[in-house]
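Given only the sequences and the hints, what does the whole structure look like? Please build it.
Numbering (this note's numbering), first residue to last: 247 to 500.
The set of hints was computed from the structure by calculation and includes no laboratory data.
Just so you know, not all the hints are guaranteed correct.
[To be verified] Under the rule of at most 20 Å between Cα atoms (straight-line distance), these lysine to aspartate or glutamate pairs were calculated in the EDC-like manner:
| no. | residue 1 | residue 2 |
| --- | --- | --- |
| 1 | K257 | D300 |
| 2 | K374 | D262 |
| 3 | K374 | E319 |
| 4 | K322 | D373 |
| 5 | K355 | D326 |
| 6 | K355 | D373 |
| 7 | K355 | D317 |
| 8 | K374 | E446 |
| 9 | K355 | E314 |
| 10 | K355 | D300 |
Here the structure is a predicted model, which means the values were calculated and not measured.
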Amino acid sequence: MSSNTTWSNLKFDYRDAHVLVTGGSNGIGAGIAAAYRDAGAQVIITGTRPRAADYEGDFSGYRYLQLELADSEQIKALADALPRLDILVNNAGCNFAAQDESNPAMFDKSVQANLLSPYHLAHACRDKLARSTLPGGASVIGMASMTSYFGVESVPGYGAAKAGIVQMTKTLAVAWARDNIRVNAVAPGFIRSNMMQHFEATPAMHDPVLARTPMKRMGDPRDIAGAVLFLTSAAAGFITGQTLPVDGGYSVVG
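So, in structure tokens, the structure goes:
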């Protein structure tokens with residue numbers, strides 16, 4: 247996505263939308279939150295640190311809330327405190343490759359962070375979403391991954407959880423359609439972010455991925471944001487239960 251792309255040029259108008267982006271303090275989440283803010287939405291972002299000022303970046307135009315997604319009481323309190331919600335972007339997650347996810351305790355921790363916590367938050371927010379009057383209906387967006395489709399030895403728990411996101415997206419889409427809530431997901435490819443700096447700086451890791459990717463570049467958080475804003479817009483009002491790879495073609499190479 248070129249640096250001069252603006253959301254106003256793409257005609258996304260979210261001036262009547264109330265949006266919650268978990269993990270919106272950095273990386274892909276920050277890109278998604280900024281896109282909604284720039285399109286006029288009222289945006290709440292969450293992070294694990296006490297204040298937005300504890301992160302680098304421009305957080306003007308957001309409401310920031312500290313949230314530990316592993317804490318079910320915090321999830322319930324957050325959902326109860328929301329006066330209104332039209333769009334939930336379940337972006338927050340992490341892998342524990344550096345701590346050996348093959349260890350059963352770390353496997354469990356990864357599944358909790360990347361599958362169970364997003365479900366618990368979505369479930370807690372369902373009633374608020376069901377009252378949305380947003381054109382095209384309310385939306386939940388999940389964050390899948392290339393590990394939803396490919397085996398990666400170092401992250402068995404993360405991969406299992408992200409594969410679960412794909413199936414959970416389908417199941418919730420069927421169950422929640424009666425409430426006019428659409429449920430979709432995106433599966434990012436290799437996206438430039440702080441987490442990927444080591445990857446980019448290591449040719450042995452970076453070069454094979456770029457060689458496989460037909461578009462011959464890494465993605466940018468704005469690439470993910472564009473897909474998310476489309477999926478939650480009225481233009482996608484008949485789309486639900488789908489996971490959209492945003493990967494420059496990486497996943498379709500045989």
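Self-check item: Broken hints, by number
Solution: 1, 5, 6, 8 and 10
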